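Visitor: Sequence:
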Amino acid sequence: MTTTPSTPSQTHTLIIEDNLESIFDILKEAVLAHRDGIRVSINFSNIRARGDIITSIQKPSQGAVSFLKLFDKALGTIDSKEKKEKPDIAILNVDHPDILEFLSYESHFSMKVGVTKEFIKAVEEDAMFELVDPRTGQKVNQLNARGVYDLISEKTMSSDESGIIYLDEASNLNIPQREQQPLNENQNSLPFTEESKTQAEEIIPPPVVAMA
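Just so we're aligned, residue 112 is where the sequence shown starts under the numbering used here, counting upward by one.
A couple of the hints might just be wrong.
[Said to hold, decoys possible] Ranges between beta-carbon positions, derived for each pair:
1) Thr166 - Ser215: 25 to 31 Å
2) Ala238 - Gly162: 37 to 43 Å
3) Glu140 - Glu235: 36 to 42 Å
4) Lys250 - Asn130: 22 to 28 Å
5) Gly248 - Leu131: 19 to 25 Å
6) Lys250 - Ser191: 26 to 32 Å
7) Glu193 - Asp237: 43 to 49 Å
8) Asp237 - Ile164: 31 to 37 Å
9) Lys228 - Gln249: 17 to 23 Å
10) Ser191 - Leu131: 36 to 42 Å
11) Lys194 - Asn252: 38 to 44 Å
12) Ile189 - Asp244: 32 to 38 Å
13) Glu193 - Val251: 19 to 25 Å
14) Lys170 - Gln121: 27 to 33 Å
It is worth saying that the hints were derived from the structure and are not from the lab.
Since we're looking at a predicted model, the values are computed, not measured.
Glycine included, every Cβ here is placed at the ideal spot set by N, Cα and C.
Let the hints inform the model, and build the full structure from the sequences given.
Guide: So this is what it looks like as structure tokens:
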């Protein structure tokens, strides 16, 4: 479990690991922060994908979005002491196998997608990119990058924030990619072409049990 200290004017960053203890510890922490009027940013990317077998019970996982729904409902039932200027944030990395389900889910969260330079390059080249099993690190599928980028754009058109968080920025902090904290949206600085810069500026932004 990784967190950052917060005040009501800051965002409380929470990263869920792929086990029940972490999931429900983070849920409690998120609910308490939400109650106190603190904005929370929750990264669901470590949770294994829908259909991945939980070996301890020999049943398939319901995936990251099932847990997002749990958090969504829990936070939605708790009133805040102070009115927050912006909604809470849910993050899933673009290479997570559940990314399309994530982008199709309607939530009270501000939905953000963690992307890499490789994904942005694939968008510019209208190429495929790999989906990676967060538990094994193995490549499991491919999607068209530009199509996913368009879905992110559509998902976030009703918000005033960027729907993209740049994971490569975390390399300066020596944080492993699959365990890194979401970055402040002001740190977005990947090299786009002029066309993709324009596309990014037009984006108005926009996670059962998973255990071994």
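Visitor: The structure should be examined with respect to each hint, and the outcome stated for every one.
Guide: Comparing the hints with the structure gives:
| no. | hint | result |
| --- | --- | --- |
| 1 | Thr166 - Ser215: 25 to 31 Å | holds, 28 Å |
| 2 | Ala238 - Gly162: 37 to 43 Å | violated, 26 Å |
| 3 | Glu140 - Glu235: 36 to 42 Å | holds, 38 Å |
| 4 | Lys250 - Asn130: 22 to 28 Å | holds, 24 Å |
| 5 | Gly248 - Leu131: 19 to 25 Å | holds, 22 Å |
| 6 | Lys250 - Ser191: 26 to 32 Å | violated, 41 Å |
| 7 | Glu193 - Asp237: 43 to 49 Å | holds, 45 Å |
| 8 | Asp237 - Ile164: 31 to 37 Å | holds, 35 Å |
| 9 | Lys228 - Gln249: 17 to 23 Å | holds, 21 Å |
| 10 | Ser191 - Leu131: 36 to 42 Å | violated, 27 Å |
| 11 | Lys194 - Asn252: 38 to 44 Å | holds, 41 Å |
| 12 | Ile189 - Asp244: 32 to 38 Å | holds, 33 Å |
| 13 | Glu193 - Val251: 19 to 25 Å | violated, 42 Å |
| 14 | Lys170 - Gln121: 27 to 33 Å | violated, 39 Å |
Hint violations for this structure: numbers 2, 6, 10, 13, 14, all remaining hints satisfied.
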